[in-house]
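Model the full assembly from the supplied sequences, consistent with the hints where possible.
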Amino acid sequence: MRFENHQELKEAGFTGFKRISELFENSSSIPKVKGVYMVMNPSDKPPKFLDIGTGGHFKGQNPNVSLSDLKSNWVKDSYVVYIGKAGKEGSSATLQSRLRQYLGFGKGGNVGHWGGRLIWQLAHSHELEICWLPMPNGDPREYEAELIRAFVSKYGARPFANLAN
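Each step along the sequence shown adds one to the number in our numbering, with nothing skipped, and position 146 is 1156.
Since the hints were derived computationally from the structure, they do not count as laboratory data.
Yeah, the Cβ is synthetic: ideal placement off N, Cα and C, and Gly gets one too.
Please note that the accuracy of each hint is not assured.
As the list claims (entries may be wrong) - Derived BS3-like pairs: lysine-lysine, alpha-carbon spacing no greater than 27 Å straight-line:
id : residue 1 : residue 2
1  : K1086     : K1164
2  : K1020     : K1042
3  : K1028     : K1055
4  : K1117     : K1081
5  : K1020     : K1086
6  : K1098     : K1117
7  : K1117     : K1028
8  : K1055     : K1098
9  : K1020     : K1069
10 : K1069     : K1098
11 : K1055     : K1020
Stated by the list, open to error - Simulated restraints on C-beta separations:
id : residue 1 : residue 2 : range
12 : N1175     : K1069     : 21 to 29 Å
13 : G1100     : E1018     : 17 to 25 Å
14 : S1038     : G1148     : 35 to 43 Å
15 : D1061     : N1147     : 29 to 37 Å
16 : S1082     : E1137     : 17 to 25 Å
17 : S1101     : D1054     : 34 to 42 Å
18 : P1146     : D1061     : 36 to 44 Å
19 : S1078     : N1147     : 20 to 28 Å
20 : E1099     : G1122     : 34 to 42 Å
Written out as structure tokens, the structure is:
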């Protein structure tokens, strides 16, 4: 996978492609099954980073990182800025429940979705888009790891908001 555009992701089975601002209003279209998801940056403009983002302070922890960390994590010319997963064997988490946590965290909620938190320090975070791949029979953890490895192979770094493999 080249992680370059909607068409490629659609061909790989991803659906959704909703702006975060749309999902803040209505997230009912997100499937209630496990799977993987990606956050994409449709803008080709350089990012504007915020000292203090909109992410929640889960368990009292500050989700914000320094501007220098944001700049060093940014992957130039990358369309995908975060790859995430929802659910695993024995878990009741679904794409809908996990992405609702993520969105709630982005609205400043005290919500347990620490992964991908750098997204909320982008000035245009509400313009980012999310797509998802339902995996009712697969293992989202394995596929997420595979996608991150493929991304690293292409760009030499993890997606912007993926702080671990």
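Hint-by-hint comparison with the structure:
1. About 12 Å separates the Cα atoms of K1086 and K1164, which keeps this hinted pair within 27 Å; it holds.
2. About 19 Å separates the Cα atoms of K1020 and K1042, which keeps this hinted pair within 27 Å; it holds.
3. Between K1028 and K1055 the alpha-carbon distance is near 19 Å, which keeps this suggested pair within the 27 Å criterion.
4. Using a Cα cut-off of 27 Å, the hinted pair K1117 and K1081 holds, with the two alpha carbons roughly 23 Å apart.
5. This hinted pair checks out: K1020 and K1086 have alpha carbons roughly 23 Å apart, not beyond 27 Å.
6. Simply put, K1098 and K1117 have alpha-carbon atoms about 26 Å apart, close enough for the 27 Å limit, and the pair holds.
7. Taking the CA atoms of K1117 and K1028, the gap is near 17 Å; set against the 27 Å cutoff, the hint holds.
8. Simply put, K1055 and K1098 have alpha-carbon atoms about 36 Å apart, too far for the 27 Å limit, and the pair is violated.
9. Restraint check for K1020 and K1069: not satisfied, since their Cα atoms lie roughly 37 Å apart, outside the 27 Å limit.
10. As the CA atoms of K1069 and K1098 are separated by approximately 24 Å, the hinted pair is consistent with the 27 Å bound.
11. Taking the CA atoms of K1055 and K1020, the gap is near 24 Å; set against the 27 Å cutoff, the hint holds.
12. A C-beta distance of roughly 24 Å is found between N1175 and K1069, which places it inside the suggested range of 21 to 29 Å.
13. A beta carbon spacing of about 32 Å between G1100 and E1018 contradicts the range 17 to 25 Å that was offered as a hint.
14. In this structure, S1038 and G1148 break the distance hint of 35 to 43 Å, their C-beta atoms being roughly 23 Å apart.
15. The hint said 29 to 37 Å for the Cβ distance between D1061 and N1147, and at roughly 44 Å that hint is violated.
16. For S1082 and E1137, the hinted distance range of 17 to 25 Å is satisfied, since their beta carbons lie about 23 Å from each other.
17. For S1101 paired with D1054, a C-beta distance near 37 Å keeps the hint of 34 to 42 Å intact.
18. The hinted window of 36 to 44 Å between P1146 and D1061 holds, with their beta carbons roughly 41 Å apart.
19. At about 43 Å, the CB distance of S1078 to N1147 disagrees with the hint of 20 to 28 Å.
20. With their beta carbons about 20 Å apart, E1099 and G1122 fall outside the hinted range of 34 to 42 Å.
Checked against the numbered hints given earlier, the structure breaks hints 8, 9, 13, 14, 15, 19 and 20 and satisfies all the rest.
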